[in-house]
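Using the hints, put the two standalone chains together into the complex.
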Amino acid sequence: MERNEPQNRIVFVDSIPDHLSYTVKEGETLHLNLACFKDFASKQIDINVESNGSIEGAFADFSHGNGTFILNVHLLGEGSKCHWNLASLAHETSEKHFETSVYHEAPHTEAIMTNYGIVRDNSRLYFAGVSEIKKGSVKTKTRQESKIIVFDPLALGRASPILKIGDNDVDASHAAVVGRLNEEHLFYLESRGVSEEEAKRLITLGYLRPIENAFVDEELVSKIEAAIQGGI
Amino acid sequence: MAQLIIKNLKVAVKGQPILKGVNLTVNEGETVALLGPNGHGKSTLLAAIMGNPAYEVTDGSIELDGKDLLKMTPDLRSKAGLFLAMQYPSEIPGLNSADFLKAAMNAHREKPMSLFEFYNSLQNAYKELGIPFEMSKRNLNEGFSGGEKKRNEMLQMRLLQPKIAMLDEIDSGLDVDAMQIVAEAIRKEQARGAGFLIVSHYARLYNMINPTRAVVLVNGRIAVDGGPEIITKIDTKGYEWIKDELGIEIEKEEGAPMNTVSIGACATKVKIENGKK
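Same order as they appear, the protein sequences are chains E and U.
Taking the working numbering, I'd label the letters of the first sequence as residues 1 to 232.
Taking the working numbering, I'd label the letters of the second sequence as residues 1 to 277.
Extracted from the complex, chain U is given alone in its bound form (with noise of 0.2 Å):
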C-alpha cells in the first residue's frame, strides 16, 4: 500500500520560513482534506513535496513507499507516483497540448504508447472531463479560461493514475456543473485506490467526494488532525475555535513572498517631442 509520509518538514521561500515542521502522514485509499488559514503554508507543502525549486526543504524528510523523496527531482517523485494539479498552471506557448500529454505518459512507460492506445486514452480522458477534443489540438493551458484549466490538470490526473494525488484549490473558479465533473474524476481515481491530499476553501466540493480525514495547517505546522466532521465545523465557525480549544494563537497572514518572474526586462520608451527628433 502506498504511503506517503512526513516528518517534521520545514520549508522557506525566498528565506523566510513557511512550513516549521510538519508531520503527516497519506495513505493509499485516504481522502485527506487540507485545510487551514491563508498564508498559512498548505500551497507551499504540496509544492514543497512535489519538489517545486522555489521551495526549499530546511529539515525533515517526505517519503513516498520508503523511497526518499528530497533526493528526487519532480519528474522522478511524478514516476514515483505523485500528481500535483496546481492552483495556477502555467501556460506554455507554442507547446501542443496533446504533444506534452504523450510526452508525460510515456515517461510513466517502460515502452512508448502505440500510437493507437495513445488516442484512444486521450479521447476517453477528455470525454470524461467534458472538454471538446479539439482542445488537444491548442497550446497547452495557452488561452484556457480559468475552469478550462482545472479541468485539464483532472485530465492529467486520470492519464497519469497516480498512487497520491495533490490538488490544490481545484474547485476555484468552477462552476456547478464543472465541478461534477471535477468530483466525479475525484471519485474515478478514489475507487482506484488513489490517495488525496486536496486544499480547498469550499466544504461544496468536500462534500461531494467524502474526505476520510481532516487536517488543520495553522503557523506553519499541523494543529488538528482528525475526522472529517472538522470540515463542518470549520465551514461553519472558521478557525476561531482552535484558539479557544487548543491555545493557538493563529498567526496574521504576513506579506507572501511574490512569485518568481523568470525575468524581465523592460525596453526603452522614446517619445519624440514635435519636430525634435
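Here chain E stands alone, though its shape is the one from the complex (with noise of 0.2 Å):
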C-alpha cells in the first residue's frame, strides 16, 4: 500500500492496518499518531522520507496480545529527520516485540528514537532496533535510547538496540536499561511521607506521561491519561 497523504497528521485509534507504507515528500512533515488499548497484532510502518522532510511519530500502547511491531523509516533525502517515541505497558500474559529501525541514507539526517516501557505480571516486552548510517551520510545525528522498567518478579523485559556506523563525522549514541525502579528515586520520595505505593506510582506516571505530548486530540488524550492511570 502506498499512499501520499495530503493532511500532515494521521491517527489510528485501535484499528491499526497490518502494512502501511508512507512517503514524506521534500520539506513536508508527516505526524504518525498511533494509540492502542485493545489488541495488539503485528504490524509493520515502512516510512520514506525525503530531503528535509520530517517524520514526527507517536505510540501509545496499553494493549493486550502477542506480536510484532515493525517501523522502518528510511531517510532517503539530506536533511530529513526522524523522530519517534513509543510508551507501551505490557501486562497480563502479553508478548510484544518492537523493532523501530531507522536508516540514514543522506548527509545531515536526524534520528531520535525514543521506546518507553512498562512490565507487568507475566508478561514480556522486547526492544531492538537498528539504527544505521550508511556510507556518505555525514554530518548525521542518531541516538536510541530505550528503557523498560520490571515491575513484577515474573514479568521480562529486554532492550537491545543496536548501532551501525558506516562512516564518520557522525554523531551517534544509544542508551538501554532495563530494572526494577531506582531504589534511591524511591527512599527520596518515600523518606518525604509518600507511601512506597504511591511513589512507584508518581514515578511511572513521570516516565509514561510524555507520550501525551505527542498526542493534539483531546478526547485521545484523556484516553490515554486513563489507561496510564489504570495501568499502573
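Some hints could be false.
What the hints assert, rightly or not - Residues of chain E clear of chain U, computed beta-carbon distances all greater than 12 Å:
no.	residue
1	Y22
2	E26
3	G27
4	I112
5	R120
6	E183
7	S191
8	E196
9	R201
10	I203
11	A227
Stated by the list, open to error - Below, a list of computed lysine-lysine pairs in the BS3-like style, where the Cα atoms sit at most 30 Å apart:
no.	chain 1	residue 1	chain 2	residue 2
12	U	K10	U	K237
13	U	K102	E	K200
14	E	K200	U	K111
15	U	K67	U	K79
16	E	K81	E	K147
17	E	K81	E	K43
18	E	K134	E	K200
19	U	K20	U	K79
20	U	K79	U	K102
21	U	K14	E	K200
22	E	K200	U	K137
23	U	K149	E	K147
24	E	K147	U	K14
25	E	K147	U	K102
26	U	K71	E	K200
27	E	K147	U	K137
28	U	K188	U	K102
29	E	K200	U	K79
30	E	K223	U	K102
31	U	K188	U	K14
32	U	K252	E	K223
33	U	K67	E	K200
34	U	K188	U	K127
35	E	K147	E	K134
Quick caveat, the hints were computed from the structure, so don't treat them as lab data.
Here a beta-carbon is modelled for each residue, glycine too, at the ideal position from N, C-alpha and C.
See below:
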C-alpha cells in the first residue's frame, strides 16, 4: 500500500492496518499518531523521508496480546528527520516485540528514537531496532533510547538497540536500561512521607506521561491518561 | 517534647560495617552539629535514621518519642516527624515538583488540603527560599543546579515542618546569598522548636545558626559529645587533637562502597567497516 496523504497528521486508534507505507515529500512533515488500547497484533510500517522532510511518530500502547511491531524509517534525502516516541505497557501474559529501525541514507539527517516500557505480571516486552548510518551520510545525528521498568518478579524486559555506523563525522549514541524502579528515587520520595505504592505510581506516571505531548486530540489524550492511571 | 534516641547503633553497607555502636540523643529544640573526618559514618548515620534500605542496621535501636523507628518504613518515619535533607537529592524524570509536593504534604495530613491552601503555602515557601515559582512546574530536581537542589530540600523542610530535621551537607555548593537563605530557613524551624542534626564541613553555616551541641563521629562511634566550642576547635585545628587528648587512633578513610546504580545495561555497538556489512 503506497499512500501520499495530503493532510499532515494521521491518527490510528486501535484499528492500525497490518501494513502501512508512507512517503514524506520534500520539506513536508508527517505526524503519525498511533494508540492501541485493545488487541496487540503484528504490524509493519515503512516510511521514506525525502529531503528536509520529517516524520514525527508516536505510539501509545496499552494493549494485550502477542506480536511484533516493525517500524522502518528510511531517511533518504539530505536534512531529513525522524522523531519517534513509544510508551508501551505490557501486562497479563502479553508478549510484545518492538523493532524500530532507522536508516540514514543521506548527509545531515537526524533521528531520535525513544522507546519506554513497563512490564507487569507475566508479560514480556522486547525493544530492538537498528540505527544505521550508511556510508556517505556525514554530519548525521542518531540516538536510540530504550528503557524498560520491570514491575513484577515474573515479568521480563529486554532492550537491545543496535548502532551501525558506516562513516566518520557522525554523532551517534544509544542508551538501554532495563531494571526495577530506582531504589534511591523510591527512598527519596518515601522519605517525604509518600507511601511506597504512591511513590511507584508517581515515578511511573512521570515515565509514561510525556507521550501525551505528541497527541493533539483532547479526547484521545484523556483516554491515554486514563489508560496510564489504570495500568499502574 | 520530641526526642530522638539512638542506642548502640551498628550499620553495614554492602556487608561492610560503617557504624560500630553509635549512642546519641537529639532533643526537640536542640541543634546538634555532627562532625567527623570523611568516611567515618556521618552520612551513613543520617541515612540509617531515615531508613534508607541500602543501609543495613545490624544492631541497636532508634526511637523517636518512644516509637521504634526501625520497625517503620521511611514514609512512616517522615510522618512521625523526621526529615532528611539529602546531600545528593534524586532527579526524578517526568515528576512535576508541585505534584510531588502536594502528595508529600497530603501524606502528612488526615484530609487533603484544598487547592487554595496548597498553592498559598507553596507560593510562600518558594518566595521565602528565593526560588522562582515557575520552578514548581519543572520536574523534581531534574536539571536543577547544585544550589537549586539544596534550596529545594529546604523548601520541602519548610512545607513538612518536621520535629527533627537532619541536614546532610546542605551548605555544599552554595554561594553566600544562598547560604543566608538556607540559614534563615533553618532559623525559622528552630524558632518553631524543631530539633536539628546537621552535617557540614564548614564553620560558616554553623556560625549562622548557633548549634547548641557538637558531636564528633570517629571510627563509626561518637568520640566527643560537647558544647559548640568544639566546632571552632575542629575548624582551626582539624581532628588530630582527638588522638592526642582521647587516645583514639583515627582510621584512614577506606574505599567507601559505591552508591548503587539501579541497573544499567550497556547495549551493543556495531561498527561496519567500509563497504562491508
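Evaluated hints:
No Cβ of chain U comes within 12 Å of the Cβ of E/Y22; the nearest lies about 26 Å off, and the non-interface call holds. At the 12 Å boundary, the C-beta of E/E26 stays outside the reach of chain U, the nearest C-beta of that chain being 28 Å off. At the 12 Å boundary, the C-beta of E/G27 stays outside the reach of chain U, the nearest C-beta of that chain being 30 Å off. Against the 12 Å criterion, E/I112 stays outside the reach of chain U, whose nearest CB is about 16 Å from its own CB.
Here E/R120 stays apart from chain U, with its beta-carbon at least about 17 Å from theirs, past the 12 Å limit. Here E/E183 does not stay apart from chain U, with its beta-carbon only about 6 Å from theirs, under the 12 Å limit. The beta carbon of E/S191 is not kept farther than 12 Å from every beta carbon of chain U, the shortest such distance being approximately 5 Å. E/E196, annotated as away from the interface, has a beta carbon of chain U within 12 Å; the closest lies near 7 Å.
Its beta-carbon lying about 9 Å from the closest one in chain U, E/R201 breaks the requirement of being farther than 12 Å from that chain. Chain U draws E/I203 into its interface by the beta-carbon criterion, the shortest separation being 6 Å against a cut-off of 12 Å. Here E/A227 stays apart from chain U, with its beta-carbon at least about 16 Å from theirs, past the 12 Å limit. Between U/K10 and U/K237 the alpha-carbon distance is near 29 Å, which keeps this suggested pair within the 30 Å criterion.
Simply put, U/K102 and E/K200 have alpha-carbon atoms about 16 Å apart, close enough for the 30 Å limit, and the pair holds. In summary, the hint linking E/K200 to U/K111 is supported, as the alpha carbons are separated by about 22 Å, within the 30 Å threshold. For the suggested pair U/K67 and U/K79, the alpha carbons sit about 12 Å apart, so the restraint of at most 30 Å is met. At most 30 Å may separate the alpha-carbon atoms for a hinted pair to count; E/K81 and E/K147 meet this at roughly 22 Å.
This hinted pair checks out: E/K81 and E/K43 have alpha carbons roughly 22 Å apart, not beyond 30 Å. Straight-line distance between C-alpha atoms of E/K134 and E/K200 comes to about 42 Å, which puts the hinted pair past the 30 Å bound. For the given pair, U/K20 sits about 28 Å from U/K79 by alpha-carbon distance, which is consistent with the 30 Å threshold. Between U/K79 and U/K102, the direct Cα distance comes to roughly 14 Å. Compliance with the 30 Å bound is thereby established for this hinted pair.
Taking the CA atoms of U/K14 and E/K200, the gap is near 24 Å; set against the 30 Å cutoff, the hint holds. Between the alpha carbons of E/K200 and U/K137 the distance comes to roughly 20 Å, so the proposed pair stays at or under 30 Å and holds. Simply put, U/K149 and E/K147 have alpha-carbon atoms about 25 Å apart, close enough for the 30 Å limit, and the pair holds. Taking the CA atoms of E/K147 and U/K14, the gap is about 27 Å. The hint holds against a cut of 30 Å.
Restraint check for E/K147 and U/K102: the C-alpha separation of about 28 Å stays at or below 30 Å, so the hint holds. Annotation: proposed proximity of U/K71 to E/K200 holds, straight-line Cα distance about 21 Å (limit 30 Å). At most 30 Å may separate the alpha-carbon atoms for a hinted pair to count; E/K147 and U/K137 meet this at roughly 24 Å. Simply put, U/K188 and U/K102 have alpha-carbon atoms about 22 Å apart, close enough for the 30 Å limit, and the pair holds.
For the hint pairing E/K200 with U/K79, the CA-to-CA distance comes to about 18 Å; that is within 30 Å, so the pair holds. For the hint pairing E/K223 with U/K102, the CA-to-CA distance comes to about 24 Å; that is within 30 Å, so the pair holds. Distance check on the hinted pair: U/K188 and U/K14 sit about 38 Å apart at the alpha-carbon level, beyond 30 Å; violated. Our distance criterion of 30 Å between C-alpha atoms is broken by U/K252 and E/K223, whose separation comes to about 59 Å.
Under the criterion of a C-alpha separation no larger than 30 Å, the hint pairing U/K67 with E/K200 is consistent with the structure, at around 26 Å. Restraint check: the Cα-Cα separation between U/K188 and U/K127 comes to about 14 Å, which is no more than 30 Å; the hinted pair holds. Distance check on the hinted pair: E/K147 and E/K134 sit about 26 Å apart at the alpha-carbon level, within 30 Å; holds.
Going through the hint list in order, the structure does not satisfy hints 6, 7, 8, 9, 10, 18, 31, 32.
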